[in-house]
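Chemist: The task is simple: from the sequences and hints, build the whole structure.
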Amino acid sequence: MSSPTRGPRFVRRITQRFAGPEVEGGDVWDAIQLARHQDRPYPLDYIGMLMPDFEEIHGDRLHGDDAAIVAGIGRYHDRPVAVIGHQKGRDAKDRAYRNFGMPGPEGYRKGMRLMELAAKMRLPFIALIDTPGAFPGADAEERGQGGAIARSMLTMLRLPAPTVAVVIGEGSSGGALALGVADRVVMLENSTYSVISPEGGAAILWRDAGKAKLAAQAFKPTAANCYRWGVADAVVPEPHGGAHTNPEEAARQLDVYLTRTLRELDALSVADRRRIRRDRFRRIGAQRELPPDSSALMAQSAESPSGGAA
Amino acid sequence: MARRPISISIDRLRGRAPAQKPAKLPGDERSCPRCETHFSAQEFARNVGVCAACGHHFPLGARARLDHMADGGRWTPIGEELRAIDPLQFVDLQPYPERIRSAEAKGNTEALVCGELAISGQTCVAAIMDFGFLGGSMGSVVGERFARAADRAVELGCPLITVTSSGGARMQEGVLALMQMAKSIVSLDELNDAGLPFIVVLAHPTTGGVWASFASLGDITYAEPGALIAFSGPRVIEQTTREKLPSDFGLAERQLEHGHVDSVVDRRELPARLGSLLRILHQPPRPVPSLAGQLAANGSEGAARIARALPQLSRRLRDRVLGEGPQRGGQ
Ligand SMILES: [Zn+2]
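Line by line, the protein sequences give chains A and B. Count the first sequence with this note's numbering and you get residues 1 to 310, in order. Count the second sequence with this note's numbering and you get residues 1 to 331, in order.
Don't read these hints as lab results, they were simulated from the structure.
SDA-like cross-link-like pairs, simulated, lysine to any residue; straight-line CA separation at most 20 Å:
#1 K244/B / G137/A
#2 K211/A / P95/B
#3 K244/B / D139/A
#4 K106/B / L290/A
Modeler: This is the structure we're talking about:
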């Protein structure tokens, strides 16, 4: 992969273009279809194009190996980096093997093994996010799905070296965020990032999974919107028509972004990186704050205890 | 997968399906969904929402929980001034602002109420979820209040206690709600750095994004009897995998068997249990490590020797300059 000199400016220009008006209506559903396109490059495709020298690790050393998550160390621009990603399958057999990119706790624990290595060797950590969510199964629950996701976030938050999370396809629910607590969170142009998949949201809010399109329009989970909300720090352009039309070009654009970003993050101290990373997530949210002398607030605090001690 | 043999306790649990709501009776009377005992609102309050006959734990509001846990029912609110907005202009079956308004009309200001309090004389900060406010869902205000509660705990150097009861992330705030999971983890990392304990009490139900973030990272984790604790709820799992789940799936007692909680604690005993835990955890003020000690620990023995000698050197220097005798040294 050559190092294109016009890269940084190009990424910035595209990012500004995406800071424009919200994407609404039918466009959102189109974005979801593109994000899920079966020919879209998956983590192993990007790894193959960006770091041909790659050693995959397997197993969580507790129970099993989860094929919905691939993790390993690769050689990237003459240095070792840790890479992880949700891996979906392309044909029926592969999809079943990869469990449709829905990890169980073993997948996140394998990820934490990689994080331990990255922490020890101070390796940059790159996460490629693409999942409809963590797997909802009784076995996964009993082996600690919730705790695995939470611990994955905490372990990633504490990594000493630069961390970058890239949403390459669909980023849905805690199953995606488990790999998303990074210095920089970036989304490919046609990727989506949401609290839940449109089908899952429709089942909960409309009690009808068939209302997925309606749910997608309500969640508006496009890259452009996530950039506006401060959830994504940048939007990486894809080739015209989507990443699947020209995977090499998609990988080249990602390479441009990663190279520039790792250079920026390398310049910071471990302490600064961790402080900036914490501040980044601490700031996310939308709420209002009543003035301290607000009547609503006074009424609230003057309210007498409702239950009283037993 | 280990299956628990059928026993009497499963039959007892079967009677209290998670979705079941207490039947509203005329006046203030309530009836227990498990044993059908009727009792008055006063009895309900006196027993902090626990059926005196069978021990069934009803949902309990955050304020009532704080009143119950705090010494003398006294606590100072944290983050009350934060209120929800509608960043996505979200409409499902009802516009989000209407949902907020009707939830606020029921008397609470958000799904998390935080306060500074003492339990058995031990200062702590508590962040208590309220299932009555939009299903205890975690949106931006819950995330920010939790962060401020953790900040306060760090300021005070005291433990943070949370009681969770939540359906998960607040759908109506979309991906911003999802991000509150990460935000809560940031707060826990601040507690880590400050060396402060985080105590979790899992109440019915603790599911989705709350269980997959701060709720499952307690240093000590209690659960209330019969509380459903799961990332994916039983309905979602049954729909996705076509599995038939056991009737006690995800319940506190089963989570104890699977090693996900430390203890199942009756709500009526919670203040005493927390008080005793806080007493055990209480640390005398830590001595500030000396400069010499820190340098020696870092392997800079030479620098440590100089640092150790510094007070003596400066005393000698002062004595020489001021002409004071060593017997008058020390300040
Ligand atoms: Zn009862």
